[in-house]
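Sequence lines, in order, name chains X, E, Y, C and D. The first sequence begins at 66 in this note's numbering and counts up one residue at a time. The second sequence begins at 66 in this note's numbering and counts up one residue at a time. The third sequence begins at 2 in this note's numbering and counts up one residue at a time. The fourth sequence begins at 2 in this note's numbering and counts up one residue at a time. The fifth sequence begins at 87 in this note's numbering and counts up one residue at a time.
Don't read these hints as lab results, they were simulated from the structure. Mixed in with the good hints there might be a few duds.
Claimed, not checked - Calculated lysine to aspartate or glutamate pairs in the EDC-like style (CA-CA distance at most 16 angstroms, straight line):
(1) Lys161/Y x Glu135/E
(2) Lys161/C x Glu135/X
(3) Lys304/X x Asp286/X
(4) Lys161/C x Glu163/X
(5) Lys275/X x Glu230/X
(6) Lys275/E x Glu135/E
(7) Lys161/Y x Glu163/E
(8) Lys179/X x Glu230/X
(9) Lys92/E x Glu135/E
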Amino acid sequence: MSELVVEQVTKSFGDEQVLADVSFSVKHGEFVSLLGPSGSGKSTLFHLIGGMYRPDAGTFYLDGNDITGERGAISYTPQSPALFPWRTILENVVLGAEIQGKPDYKKARAMLEKAGLAGYEDAYPHQLSGGMRQRVAFVRALLSPQDFICLDEPFSALDEFTRLEMQKWLLNIWEENRQSILFVTHNIEEALYLSDRVIVLSNKPAAIKKEFTLPFERPRDQELLLSEEFLQWKKAIYKELQVVNHA
Amino acid sequence: MSELVVEQVTKSFGDEQVLADVSFSVKHGEFVSLLGPSGSGKSTLFHLIGGMYRPDAGTFYLDGNDITGERGAISYTPQSPALFPWRTILENVVLGAEIQGKPDYKKARAMLEKAGLAGYEDAYPHQLSGGMRQRVAFVRALLSPQDFICLDEPFSALDEFTRLEMQKWLLNIWEENRQSILFVTHNIEEALYLSDRVIVLSNKPAAIKKEFTLPFERPRDQELLLSEEFLQWKKAIYKELQVVNHA
Amino acid sequence: MNKIATKTVSPILVIVALLLIWEASSRLLDVPAWLLPAPTVIVQEGVAGWVNYQHHLLSTIRLSLIGFAIGVTVGLVVAISLHLLPTVKQAFYPLLILSQNIPIIVLAPLLVIWFGFGVMPKLIVITLVCFFPIAVSTLDGFRQTSYELMHYMQMAGASKRQIFTKLELPHALPSFFSGLKIAATYSVMGAVISEWLGANQGIGVYMTLAQSSFRTDRVFVAIFFIMVLCMIFFGIIIALEKLLIKGRVKEEKV
Amino acid sequence: MNKIATKTVSPILVIVALLLIWEASSRLLDVPAWLLPAPTVIVQEGVAGWVNYQHHLLSTIRLSLIGFAIGVTVGLVVAISLHLLPTVKQAFYPLLILSQNIPIIVLAPLLVIWFGFGVMPKLIVITLVCFFPIAVSTLDGFRQTSYELMHYMQMAGASKRQIFTKLELPHALPSFFSGLKIAATYSVMGAVISEWLGANQGIGVYMTLAQSSFRTDRVFVAIFFIMVLCMIFFGIIIALEKLLIKGRVKEEKV
Amino acid sequence: ANDDTTHQEQSLEEVTMVLDWTPNTNHTGLYVAQAEGFFEEEGLDVEITLPGESGASQVVASGKAEFGIGAQEGLTQARTQDIPIVSIAAVIQHNTSGFASPADKGITSPADYAGKTYGGWGAPVEAAVLDSLMQQEGASVEDVNIVNMGNSDFFTAVERDIDFAWIYYGWTGIEAELRDIDLNMQYLTDYSEKLDYYTPVITTNETMIEENPETIEKFLAAVSKGYNYAIDNPEEAADILIEAVPDLDEELVRASQEWLSPKYQDDASQWGIQDEQVWANYSDWMYENDLLDRELDTNGAFTNEFLPEQE
Ligand SMILES: Nc1ncnc2c1ncn2[C@@H]1O[C@H](COP(=O)(O)OP(=O)(O)OP(=O)(O)O)[C@@H](O)[C@H]1O
Ligand SMILES: Nc1ncnc2c1ncn2[C@@H]1O[C@H](COP(=O)(O)OP(=O)(O)OP(=O)(O)O)[C@@H](O)[C@H]1O
Ligand SMILES: [Mg+2]
Ligand SMILES: [Mg+2]
């Protein structure tokens, strides 16, 4: 079980209000994406959920428990990979698991291979390309034992094909374990392909502009991307975002 | 004038060959994009052009002069923003110009405003969102005085709208000054929308898989993205990349 | 405001507590004053003897300030030149270490013979004491410059000099301050030691005189002032650090 | 290989050059041996007197090794506890600085009264000298931990202890080594000074006796060994640093 | 007034005098000569300086200072190392040092040293001196536990581990009196003629003797006057020392001065005079005890020739 409820969260930095009265929820086993313009406050929201800092007002509940300001309740990929330079790739990906208990190196190796990083287990982060680092951070989040996963643009540095593979893989894993996922992305197709629901944030301060519940069946496959229904949805969300950006 | 010729460049890291005999050129005032899978060697190519390290074999010519291993000949956005934490945003964006001579603060302020960063001139990098930092690095490259610009995924962290605005703005600037631009991106549409030519790199080691010369007229506008011709091109390149990725 | 208040209050409380324990144990255990005088005894002597030792104090302050300034300069110059000239660094780094292993008693007659009894040999001693931590820390700071920013600078065609002033120097600032703190701590003691080279005034002289005429209370008055001076130096360094590194937050967030 | 060779050769060349200049000027300027003996004179005495001073040497090596080990431990413990307990840090940091301002001559009688003339007071002196640079550098290292990595650790629910062992400690390692280098440099001199507290053997004793019987050549033999010891210590630290920080490249590239 | 001083400075010869230790009653004559203007009368402008860690000998030998305070023991060693310093006056006629112990330790003669702990500074001369004393009573230094007490002072040392130590009575002994600590004291002079050496002495270097004998004469004339004044007026002399060096303990200076004033000249015909026999005795003794590499040529080591003629 893992259900996140965000209740009327507000946050300012200095004079600048970033989040205004944001409320939504992610049900158990649900995959929800957040879309919003650059600088609108998506990462800030993640930091608040993760307990990095406290909101000025509002509450977060995980499975009914107030987790506002509490850390370690969720598994997380930061927007910049934040890898530990003195750890090898393998040591980096097990870090989240290590913190929560026992790391499983076998699983970690298997996951790295899936992410196209076989052969880089003993490399150091500075030896990887930008996209490879991002995948390492993603694998690290997947290997963390928490049931609720927050992913902050995990695939932004990937080319279309690698991205598609990672998406498929993510869906596979998710369908197996049905963790709840909150996903930040800039890519509307990605949001549509992956999510049960898409939440669109407005800009300065971010508030919930609109929520879309997607009807696509699971398991999904690549064909979906080419379907007419998908295109319609894409246009709808595109419009919504257009309004947000010109507000 | 600024014309880059890349001649049979080869580079390995340890046992791993990254670039194999890569040759191409960017003519004066041309806008060329590089597409290739994650980890294929695009950033490495940029580092070689910029003189960060020397290729194992091959030569780079800028306007006929051998610039292999020579630094400072090009203006450059790194894939990760590499902002200076102790400099404000304004001080960061003028850095490239400062290194080459006199920085123009007025122009810098104007550019920041264009990039949607008005009001952040005196903020420090850690106060910005991921996408905002990327824009700062981009502005820094535009403000550098070199005629040849290398951009390494400058818009990967931006939402579709901000990205589109930045693209339009980039095209405007480029059409005014006609600098030569070499552009790395993962986004096929972006490559098509911006470039005169698209070069597709193969994977491990990267070699030039195919070159596409695009027939779209300039100045281009957003309508182009929706045209049938555009879609055809997109499919063609998509296929090419698919082959690359499954090789 | 409140935070600053606690920040200054808590160390003062600790020191006061220590003084109280000292005073109490002095009295209860009947520690003879010639061995370890109670704080009150020291304060009495400090007040009573003020006119006698104030010129010593001034002389030491002057000496340590000048010496510290020279030491910092030399430390910085050494760090910068060794950093900018790596071959020189290789060759001369060991000499830096050796310089810290010349006992003052050996140096003393040589310095006096070469430079007389004036202020010169004393400044040399203080400089020798102060420059080393600054040079070592600053060099380490230069060495640890951010790779990514360095790449940017190099690609942008920055000259060695620009890389140095725009990247390495600001980056090494915190390390420089680390060294500065250590050096500031040593500077006053360095001045006191230098006075043992042969001086006619200064806290060091006052202390030796007190020591050899068995006036332990005066020795402690001297120590008290050495400590106060040192704390003031240290405080100034920390204030400067705050001022210069403010606004600048941890680099890796970027 | 070649690089390592030049790395060791060039400082040796510099030192040899200095020795040659020294030898030449000694002879040309006719500097009396009681003031500054020529290197050859020192070598002669060093060879001839080996049996006389080798036990001194051993004793000092033992003393400085033990003292250094304790100093490093204390420095680390102080840095770690002050770091983990910020309120304690606030209160006790000034005491760290004060501890460096207690002149040994004052401490000496107290240490003797409390601990006698054995090895204990000497170890205290060496510890006092060595722990400080380590504590200050390491603390500064802890303070400068990467923000981004810290965010990750906190979001991942790492306990204070995990943050410490998995992030802060490895991050502070280079700073710790900065301090270690400074401390290693001081450790041998610290041992020599501590021997002046009253010891029956040791290079410090040998040196004072040589000094008081005007055997300047022997004084320089003693200095020579102090320097060699110190260089060996320093070399070991640098080797350890290479070993422990190898593989790890500048953090910010990540 | 300004003119006056510059004029005076021009005509005065500047010389430097380096002490052997912190200023104390051994140096009273110098401070008297300075305060009472005896130096000025001789046309000298004397700067009295504290020594560095290593004492005055090398500085005087190098010529950086014209005069210094030394001791026969050190000077003997220095001269056998070819350090060109010469003793030109004995400040105190007889050795006032000896082995002291708190009365409650029950050490009343050198024989009692056996089985006790001696605190010294680790020099070979100490064992030799102890042995000289003890042998006269059939004891041997072998039975004494010798400990190096470094920089610790006498009072600290005897509180802990140490039973007796070597002190100058005129300073440390007097301090004990002031502290009401009863001491047992065995003076070196009481046990061995050869150990009655001069400590302290006033030194200069050989170059001075060759090139500036008049300066030495003038200097010693003034210093003699100073010490004679101290001999005649111990209280006033103590005041002068305290005035000049206010950081010294007043009480100790007064008491010490009173004790020491009669000892400056003692049985000699004139203050400062040195006897060849004393130099020879002590150097012989040192040589016999393997404390010297070679015998001292007493000829160059000291001279009386610069002492003022007696009226
Ligand atoms: N530590 C901070 N101090 C001050 N302002 C901050 C801080 N962190 C974020 N902000 C501000 O909060 C706003 C939202 O930032 P956030 O990183 O949440 O955006 P985002 O939606 O993740 O954008 P992007 O898609 O570009 O990553 C920005 O305007 C930013 O300037
Ligand atoms: N310093 C280095 N040491 C060792 N290997 C390296 C180093 N830098 C890059 N590589 C390797 O070179 C290859 C290409 O890296 P590069 O950064 O050029 O890829 P890229 O095409 O920019 O990928 P991305 O799109 O993910 O940024 C990768 O396999 C990487 O592991
Ligand atoms: Mg973000
Ligand atoms: Mg790249």
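Comparing the hints with the structure gives:
1. Lys161/Y x Glu135/E: Answer holds: Lys161/Y to Glu135/E is near 14 angstroms, not above 16 angstroms.
2. Lys161/C x Glu135/X: holds, 14 angstroms
3. Lys304/X x Asp286/X: Roughly 25 angstroms between the alpha carbons, so the hint for Lys304/X and Asp286/X is violated.
4. Lys161/C x Glu163/X: Judged against 16 angstroms, a Cα distance of about 14 angstroms means the pair holds.
5. Lys275/X x Glu230/X: violated, 29 angstroms
6. Lys275/E x Glu135/E: Violated. Lys275/E to Glu135/E sits at ~28 angstroms, over the 16 angstroms cutoff.
7. Lys161/Y x Glu163/E: Holds, because 14 angstroms separates the two Cα atoms, which is no more than 16 angstroms.
8. Lys179/X x Glu230/X: Status holds; Cα separation ~9 angstroms.
9. Lys92/E x Glu135/E: violated, 20 angstroms
Consistency with the previously given hints fails for numbers 3, 5, 6 and 9, ordered from lowest to highest.
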